[in-house]
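Q: Given the coordinates of chain A, assemble chain B onto it according to the supplied hints.
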Amino acid sequence: MAKIVILGAGVSGHTAATFLRDWLGKEHEVIVVTPNSKWNWIPSNIWVGVGQMKKEDVVFELAPVYEKIGIDYRQAKALSIHPEGGENEEKPYVTVEYTGQGKEGQTETITYDYLINATGPKLNFDATPGLGNGKGGLGDYTVSVCTADHAVHANEELQKVIAKMKAGEKQKLVIGTGHGMCTCQGAAFEYIFNIDHELRKAGVRDKAEMIWLTNESALGDFGMGGMHVRRGGYIASSKVFAESLFAEHEFEWILGTHVTKVEDGKIHFEALDGEMDSQEFDFAMLIPPFGGVGLKAYAKDGSDITDKVFAPNGFMKVDADYTPKPYEEWKASDWPKTLQNPDYPNMFAVGIAFAPPHIISKPMKSPNGTPINPTPPRTGMPSAMMGKAVAQSIRDMVTGRSDKPTHTASMSEMGAACVASAGAGIFSGKAVSMTVYPVVPDYEKYPGVGRDLDYTTGEIGLAGHWIKHLLHYAFLWKAQLKPFWKIIPE
Amino acid sequence: MSAKHLQHIEPYSPQSGTMIPGGFVKFMRTCVIWQLIRFLIINIRMTKLILKSHH
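Residue numbers (the working numbering), protein chains in the order written: chain A, 1 to 490; chain B, 1001 to 1055.
Hints listed in this document are in silico derivations from the structure and should not be mistaken for laboratory results. None of the hints are false.
Below are the DMTMM-like pairs computed for lysine to aspartate or glutamate, each with C-alpha atoms no more than 20 Å apart in a straight line:
hint, chain 1, residue 1, chain 2, residue 2
1, B, Lys1026, A, Glu250
2, A, Lys261, A, Asp273
3, B, Lys1026, A, Glu459
4, B, Lys1004, A, Glu248
5, A, Lys207, B, Glu1010
6, A, Lys160, A, Asp264
For reference, chain A alone in the conformation it holds in the complex:
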């Protein structure tokens, strides 16, 4: 009998847990530890943030779903990992603190045979003064769409701004990233287009000045060094298409920014040229930087081995090549394949929780030495594929088919499909439909552009909006384990 503990129930953790439960017999235990009581289809938070959907449309209760399939669900946050066991415990274990189920504040240890770290990110608002509230939460001046509750709040603030515009007031709306090391530009990209769509519907677009403020050094970078697609007989960069979309929708853009401080109505930032500048706003949605959730690790004798298990940014080390090297020497093969921890083979990390070997975009620094570049995106489809691949490997190790991981999910060998909403509406909506293969460019295999142009595509249109809607319902269906959930691909 094996006991598998999954920390986190986001896209990657939930995928791993549900497949493992489905594949393994009842003699094996699958335990999910997550501080949240609800599952959130995060891509649709964008629509909650503009009032097109309600919070209830993008979340569901986890407990009944896990009860149905036989997963042991603990509403708790993980505090520490003890991969060698401890003084009074031979087996490896995790320490958790309950956040629900009537046991709030209680701590507990849970032993495991296999551990999947799928804790996702800590939304590090406090990395930028004024972006956070100093207690780890969102500050008073800006909004966020990173969680369903944040998105509800964002819409409330947006409606106030729209009301002012209807009354004839001009408003400045700033959307983008709140730190030089942010990822998830795609969410901000979707949000600015959806706001634009809503403002046009409300007949107040002429009252709004819309500004894109980003840590990307070029539009269309998205933390993956941009991409190229075939179009009109040319091979064109995503920079060209993103600039075209922004110009068409009358957005201004400020590139290469590291936001240093947010005040009421004013964003201070350092630019890539080293200049310190500021931007005023009436409404701002800035994505925070992500960090690890702060898990600690201890050896059997109780000594702190956090540095051995986790990278300095708090993400778990896996089978990547972490040797520091200059950008020119980066290779696709630096990226992890099995997502197995090199020191403790029964530990894996998936989704945002694994430590990337380096960023994907070309590193940039201001003359003051401040790094200003997007960090790698590892959400959505790649996250789910990592969750499934690790579940397959653990299944094969548990059932004795292999003593090593049998499946891989390297971001340099997998593609990603991304549908970025640019306005909701069955006949008036639009979305940018992108496919990219591989996510991490492989310049040795695909010289010049780093990607397979047969699988790297992009277009904008109503079809993308329909697909985005389809994905919303399909993935919520799949995550709730409704009939035929397994045939819906990751």
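A: Relative to chain A, chain B alone:
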């Protein structure tokens, strides 16, 4: 191209240095028949990508 599509572009601004879609391109983005075809094509494309990505 109708001048309507260019009215908001300031000469020598960053926005003036890129492609601006014309009326036909914009029409096709929301043309239901064309978009139904694109819907099928994009779905096939994404399915092929998923199949290529699982190892």
